[in-house]
Amino acid sequence: DVKVTQSSRYLVKRTGEKVFLECVQDMDHENMFWYRQDPGLGLRLIYFSYDVKMKEKGDIPEGYSVSREKKERFSLILESASTNQTSMYLCASSLAGAPDTQYFGPGTRLTVL
Amino acid sequence: TQLLEQSPQFLSIQEGENLTVYCNSSSVFSSLQWYRQEPGEGPVLLVTVVTGGEVKKLKRLTFQFGDARKDSSLHITAAQTGDTGLYLCAGVNTGKLIFGQGTTLQVKP
Numbered sequence: 149d150v151k152v153t154q155s156s157r158y159l160v161k162r163t164g165e166k167v168f169l170e171c172v173q174d175m176d177h178e179n180m181f182w183y184r185q186d187p188g189l190g191l192r193l194i195y196f197s198y199d200v201k202m203k204e205k206g207d208i209p210e211g212y213s214v215s216r217e218k219k220e221r222f223s224l225i226l227e228s229a230s231t232n233q234t235s236m237y238l239c240a241s242s243l244a245g246a247p248d249t250q251y252f253g254p255g256t257r258l259t260v261l
Numbered sequence: 004t005q006l007l008e009q010s011p012q013f014l015s016i017q018e019g020e021n022l023t024v025y026c027n028s029s030s031v032f033s034s035l036q037w038y039r040q041e042p043g044e045g046p047v048l049l050v051t052v053v054t055g056g057e058v059k060k061l062k063r064l065t066f067q068f069g070d071a072r073k074d075s076s077l078h079i080t081a082a083q084t085g086d087t088g089l090y091l092c093a094g095v096n097t098g099k100l101i102f103g104q105g106t107t108l109q110v111k112p
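So the sequences go chain by chain: A and B.
FYI, this note's numbering numbers position 36 of the first sequence as 184, with every residue one higher than the one before it.
FYI, this note's numbering numbers position 27 of the second sequence as 30, with every residue one higher than the one before it.
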């Protein structure tokens, strides 16, 4: 079974802090994605990566950056957290040959005070 | 910008009732997916429909893709309390997923 794990289930940070959200997948997937999920808005794509060291902006990249130094790990960085970044963050991965079949992690619920 | 509108956003029914969730767009998608998400977990893929007019069944769940590949529906027959959760549709285009807002379903015993 594909397993996507996220470093924290719940996180509370203060405005202005630098925040790192980590995601690891164990199935050698080439593609990895970061989404945020807000009530009434569904999932929105922040950044994605098709390979190590590669990154592409999604629909809402402002205020975020990412890092993919190893194939299995994709990190989302909030350089200076703000209250409007309070949200559920979901990581997903997929094979290069089946990009649409994405497997999601359990999510990190981030609260920025 | 491609958008997917899901309706209704909330649904509370009694066990044994039938229900339908709709997913509509003005855009054409190469395929459409339905996910179910339980509290504290990530979405889990239920089905992908690819061909216009396609109907897929998964036990008591029936998924249909519109002829023009712009809309889809999920019908649940004789809902059970275990069906409770958030149902999300997602349109697929150029390797990216466009998600609807989600339908929160509560099935009461």
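Just so you know, these hints were derived from the structure itself, not from any lab.
Just so you know, not all the hints are guaranteed correct.
To be verified - To give a feel for the contact side, a few chain B residues facing chain A, derived at Cβ under 8 angstroms: (1) Gln12; (2) Ile16; (3) Leu100; (4) Phe102.
To be verified - 30 angstroms max Cα-Cα, derived BS3-like pairs, lysine-lysine: (5) Lys205(A) to Lys99(B); (6) Lys59(B) to Lys99(B); (7) Lys219(A) to Lys151(A); (8) Lys218(A) to Lys59(B); (9) Lys62(B) to Lys151(A); (10) Lys59(B) to Lys203(A).
C-beta: ideal position from N, C-alpha, C; glycine also.
Here is what the structure says about each hint:
The closest approach between the C-beta of Gln12(B) and any C-beta of chain A is roughly 7 angstroms, which is under the 8 angstroms cut-off, so the hint is satisfied. The interface hint given for Ile16(B) is violated, since its Cβ lies 20 angstroms from the closest Cβ of chain A, which is over the 8 angstroms cut-off. Checking Leu100(B) against chain A: minimum C-beta separation of about 7 angstroms stays under 8 angstroms; hint holds. Given the 8 angstroms rule on beta carbons, the hint for Phe102(B) holds: about 4 angstroms separates it from the nearest Cβ of chain A.
Between Lys205(A) and Lys99(B) the CA atoms are separated by roughly 12 angstroms; this keeps the pair inside 30 angstroms, and the hint holds. Between Lys59(B) and Lys99(B), the direct Cα distance comes to roughly 22 angstroms. Compliance with the 30 angstroms bound is thereby established for this hinted pair. For the given pair, Lys219(A) sits about 14 angstroms from Lys151(A) by alpha-carbon distance, which is consistent with the 30 angstroms threshold. Among the hinted pairs, Lys218(A) with Lys59(B) is inconsistent with the structure: their alpha-carbon atoms are about 38 angstroms apart, more than 30 angstroms.
The hinted pair formed by Lys62(B) and Lys151(A) meets the criterion: a straight-line CA distance of about 25 angstroms does not exceed 30 angstroms. Using a Cα cut-off of 30 angstroms, the hinted pair Lys59(B) and Lys203(A) is violated, with the two alpha carbons roughly 35 angstroms apart.
Checked against the numbered hints given earlier, this structure breaks hints 2, 8, 10; the rest are met.
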